[in-house]
Amino acid sequence: MKSCVLPVSWILALCLLCTALAGQSIDRERSRFVTQEQGRAGCFAPFEVHVTGGGDSVEVISFAPGIELVHALALDGGSGRALVPVFVGANAGIRLRPGGDAWQPALPRSVAPSYQQPYTAVFAPDPVGARAALPPTPGQLACDYFETREFFADWRLFDGYDAIVIFNPGAGALAPGAQRAMAEFCSLGGCCLVAGTFQLGERAQDIPAPGEPQMLYFAGVPVQRFGYGAGAIFRVEYNLLREASAREVIRAALLHHLRFGAAGVPGGQPASRAAPALPPPLAAPQPAEAAPGIAFAGLASALLLALLLIPAVLRRLKRPALAAPGAMLGAACVLGLALLQQAPQPRAQCAVIEFAGPEAHVASTRTFLVAEPGVSAPLSIMLDGTDLRLARQLPGSTGWIVDEPLTRPQAAGTAAVMEGGMVNGLVYRDFLLRVHDGETSFAPADARLLAWWLESNAMRGRLAMLEPGKPGPRDSRYSGWDLTEASRVRVLNLRVDGD
Amino acid sequence: MRAHTAQAYQPFLFALVMLACGLLLPHIDTLNLRLDSGLVRALLYIELALPVLLFVPVAQRGRAQALQALSLAAACWAASAAVIAAFTFAGGREQFLQTRPSSAMSWLLVCGLISWGAQLSATWRERMRLLALVLLALPPLWHYFGLEYSGKSLLALREYTPVWAATGGGFSWLAGGIGCAAFAGAMFTARPPRAEAA
Numbered sequence: 001m002k003s004c005v006l007p008v009s010w011i012l013a014l015c016l017l018c019t020a021l022a023g024q025s026i027d028r029e030r031s032r033f034v035t036q037e038q039g040r041a042g043c044f045a046p047f048e049v050h051v052t053g054g055g056d057s058v059e060v061i062s063f064a065p066g067i068e069l070v071h072a073l074a075l076d077g078g079s080g081r082a083l084v085p086v087f088v089g090a091n092a093g094i095r096l097r098p099g100g101d102a103w104q105p106a107l108p109r110s111v112a113p114s115y116q117q118p119y120t121a122v123f124a125p126d127p128v129g130a131r132a133a134l135p136p137t138p139g140q141l142a143c144d145y146f147e148t149r150e151f152f153a154d155w156r157l158f159d160g161y162d163a164i165v166i167f168n169p170g171a172g173a174l175a176p177g178a179q180r181a182m183a184e185f186c187s188l189g190g191c192c193l194v195a196g197t198f199q200l201g202e203r204a205q206d207i208p209a210p211g212e213p214q215m216l217y218f219a220g221v222p223v224q225r226f227g228y229g230a231g232a233i234f235r236v237e238y239n240l241l242r243e244a245s246a247r248e249v250i251r252a253a254l255l256h257h258l259r260f261g262a263a264g265v266p267g268g269q270p271a272s273r274a275a276p277a278l279p280p281p282l283a284a285p286q287p288a289e290a291a292p293g294i295a296f297a298g299l300a301s302a303l304l305l306a307l308l309l310i311p312a313v314l315r316r317l318k319r320p321a322l323a324a325p326g327a328m329l330g331a332a333c334v335l336g337l338a339l340l341q342q343a344p345q346p347r348a349q350c351a352v353i354e355f356a357g358p359e360a361h362v363a364s365t366r367t368f369l370v371a372e373p374g375v376s377a378p379l380s381i382m383l384d385g386t387d388l389r390l391a392r393q394l395p396g397s398t399g400w401i402v403d404e405p406l407t408r409p410q411a412a413g414t415a416a417v418m419e420g421g422m423v424n425g426l427v428y429r430d431f432l433l434r435v436h437d438g439e440t441s442f443a444p445a446d447a448r449l450l451a452w453w454l455e456s457n458a459m460r461g462r463l464a465m466l467e468p469g470k471p472g473p474r475d476s477r478y479s480g481w482d483l484t485e486a487s488r489v490r491v492l493n494l495r496v497d498g499d
Numbered sequence: 001m002r003a004h005t006a007q008a009y010q011p012f013l014f015a016l017v018m019l020a021c022g023l024l025l026p027h028i029d030t031l032n033l034r035l036d037s038g039l040v041r042a043l044l045y046i047e048l049a050l051p052v053l054l055f056v057p058v059a060q061r062g063r064a065q066a067l068q069a070l071s072l073a074a075a076c077w078a079a080s081a082a083v084i085a086a087f088t089f090a091g092g093r094e095q096f097l098q099t100r101p102s103s104a105m106s107w108l109l110v111c112g113l114i115s116w117g118a119q120l121s122a123t124w125r126e127r128m129r130l131l132a133l134v135l136l137a138l139p140p141l142w143h144y145f146g147l148e149y150s151g152k153s154l155l156a157l158r159e160y161t162p163v164w165a166a167t168g169g170g171f172s173w174l175a176g177g178i179g180c181a182a183f184a185g186a187m188f189t190a191r192p193p194r195a196e197a198a
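Chains as they are written, first to last, in my numbering: chain A, 1 to 499; chain B, 1 to 198.
None of these hints come from the bench; they were simulated from the model. Check each hint, because a few of them may be wrong.
[As the list claims (entries may be wrong)] Derived list of chain B stretches under chain A, where covered just means 3 residues or more per stretch with a C-beta under 8 Å from a C-beta of chain A:
no. : region
1   : 9 to 17
2   : 33 to 39
3   : 86 to 94
4   : 98 to 106
Since we're looking at a predicted model, the values are computed, not measured. Where is the CB? At the ideal position from N, CA and C, for every residue including glycine.
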């Protein structure tokens with residue numbers, strides 16, 4: 001009797017453990033997008049997840065096609081809350097690990113990229129007052145309102161926004177993490193308008209300083225503009241804004257950035273971090289070819305021998321009924337051993353565009369990564385560590401678009417100036433032919449990437465400098481891949497006349 | 001008795017055929033297959049076709065013994081899977097692991113139908129084999145005919161079609177359900193042992 005007690009108690013303990021693990025679930029009543037029921041399709045939006053059901057910790061996974069963003073959440077008294085970016089698109093949602101509870105929340109209304117209507121996250125000590133000062137106007141301004149103390153500490157929560165507006169952030173209301181998120185957002189081409197006395201970097205020493213200020217006037221109100229890589233930080237006196245029409249001034253400043261300083265509306269689609277419908281034509285690499293070695297020969301021989309001998313032996317032992325289960329067991333053993341074989345690393349190819357501004361020390365990168373056919377594992381990114389990447393699936397092939405802020409690239413050659421559809425005085429297609437023929441400082445392999453970027457931007461009133469990029473050291477985050485960098489190009493956004 | 005002995009070596013036959021396919025296919029130029037993840041994908045399709053072509057259960061007497069067909073099917077499936085796993089040295093391991101549930105469901109369907117038929121008669125076994133062939137082969141044919149003649153894709157059938165299991169889409173639970181029902185049918189239609197019958 002005593003011998004039965006121990007196994008039974010073990011089984012009970014195991015059952016209780018399994019129940020505790022499986023019990024964690026998403027509180028669907030309280031979990032929601034924290035935006036005003038809107039978000040940008042193809043981008044990530046901040047989503048508040050409430051977890052209940054016990055345990056000490058759980059991994060909250062924001063999943064989207066080909067992507068996994070993992071956030072480790074410590075639970076307090078069996079429940080917890082996390083703010084994670086969730087993709088606004090089909091087949092995206094939240095999953096818990098362990099437990100596996102998965103949920104695809106209803107998609108919010110999409111705010112399309114527009115040169116007329118910047119999509120803005122507004123932070124203020126009093127969001128109701130901010131809403132009165134800066135009301136959302138259909139077709140002109142789309143806003144989500146938050147309290148200043150709720151400022152996101154991760155730029156990925158700002159992914160869908162064109163701009164951030166902060167009202168009166170004095171008295172140290174913004175944590176250093178928030179300032180870093182702001183710097184990262186701006187380095188990726190975003191725009192941040194601060195109404196108050198706040199200065200970027202005053203409480204976070206490891207953030208690159210912005211460029212020299214430039215005085216601009218919007219609706220008669222002086223606004224300082226600090227270039228920050230591809231993005232910018234605007235600062236306006238809070239008191240001046242209270243006297244003037246805050247909505248007019250702020251919208252004018254945001255549109256100034258969105259339109260690259262041009263007075264009119266540029267042609268084509270405005271910049272957004274959603275995946276482009278036509279990505280750069282990057283060929284998928286062919287899988288590495290391997291040759292069968294001793295391990296394969298041994299496994300194959302062992303399998304055939306086992307399947308021959310097991311039925312014969314069991315027949316001699318007068319146990320023919322056990323032949324099939326015995327063969328199954330033998331095959332399963334070989335299968336297990338076969339999975340231990342070292343497979344060649346999957347091949348991938350990438351093309352990198354570095355976006356910078358006149359302040360060359362601040363930049364961000366957008367990497368187009370294409371994997372060999374057959375790769376189906378999602379790209380997993382930990383949200384809690386030092387990895388600041390954000391990925392989305394590349395349309396049309398097995399691949400990803402990976403954005404990374406605050407990179408510090410180096411130029412590797414002479415720059416070419418693009419203005420009015422011409423590059424260095426040549427029609428841009430002629431320039432591309434020269435790049436292809438190796439007659440410029442760009443590598444011939446850069447021609448495809450340059451062609452893709454120029455087709456979208458050359459004829460749209462843009463002023464930019466193009467430089468060949470310098471490949472960095474091997475990225476340890478892709479250590480599981482045989483990764484080849486096909487090309488790297490730098491784009492320095494300049495402002496057109498009228499600044 | 002001889003049939004029962006031959007049945008015990010069916011897993012060996014499956015493994016041998018799979019191994020031969022894996023070694024020969026890269027040498028057929030027109031297939032343009034190399035020793036990489038593409039070969040594993042090709043073997044996954046062959047694995048799905050094998051039970052329709054090769055699986056031959058012997059009618060068993062007694063309900064308990066009728067389940068022998070199920071264990072035989074499982075042994076053949078494991079043998080085929082072991083061969084594909086051996087070829088994952090060239091890549092495609094993720095795809096192999098990802099397709100295990102849907103492959104199992106597909107095998108359950110085909111082997112279940114054939115085993116049920118075998119319990120009735122040899123003719124019914126072949127009829128059931130034909131039915132399994134139709135279930136596996138017709139939806140992709142409809143898909144291509146649909147594309148060819150009306151420009152419409154029938155890929156919506158993917159979830160219910162085991163032959164697409166090799167692409168890793170869907171678990172084909174419907175196929176698994178039919179397979180289980182077929183094995184249950186095989187058990188209930190099994191003829192009683194001679195002693196019971198007497």
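Hint by hint, here is what the structure shows:
Restraint check on the region 9 to 17 of chain B versus chain A: 5 residues with Cβ-Cβ distances below 8 Å, three needed, restraint holds. For the region 33 to 39 of chain B, the proposed coverage by chain A is satisfied: 5 residues have a C-beta within less than 8 Å of a C-beta in that chain, meeting the threshold of three. Counting residues of the region 86 to 94 of chain B whose beta-carbon sits less than 8 Å from any beta-carbon of chain A gives 9, enough to reach three: the coverage restraint holds. Given as covered by chain A, the region 98 to 106 of chain B fails the check, having 1 residues with a CB less than 8 Å from a CB of that chain where 3 are the minimum.
The structure fails hint 4 only (numbered hints given earlier).
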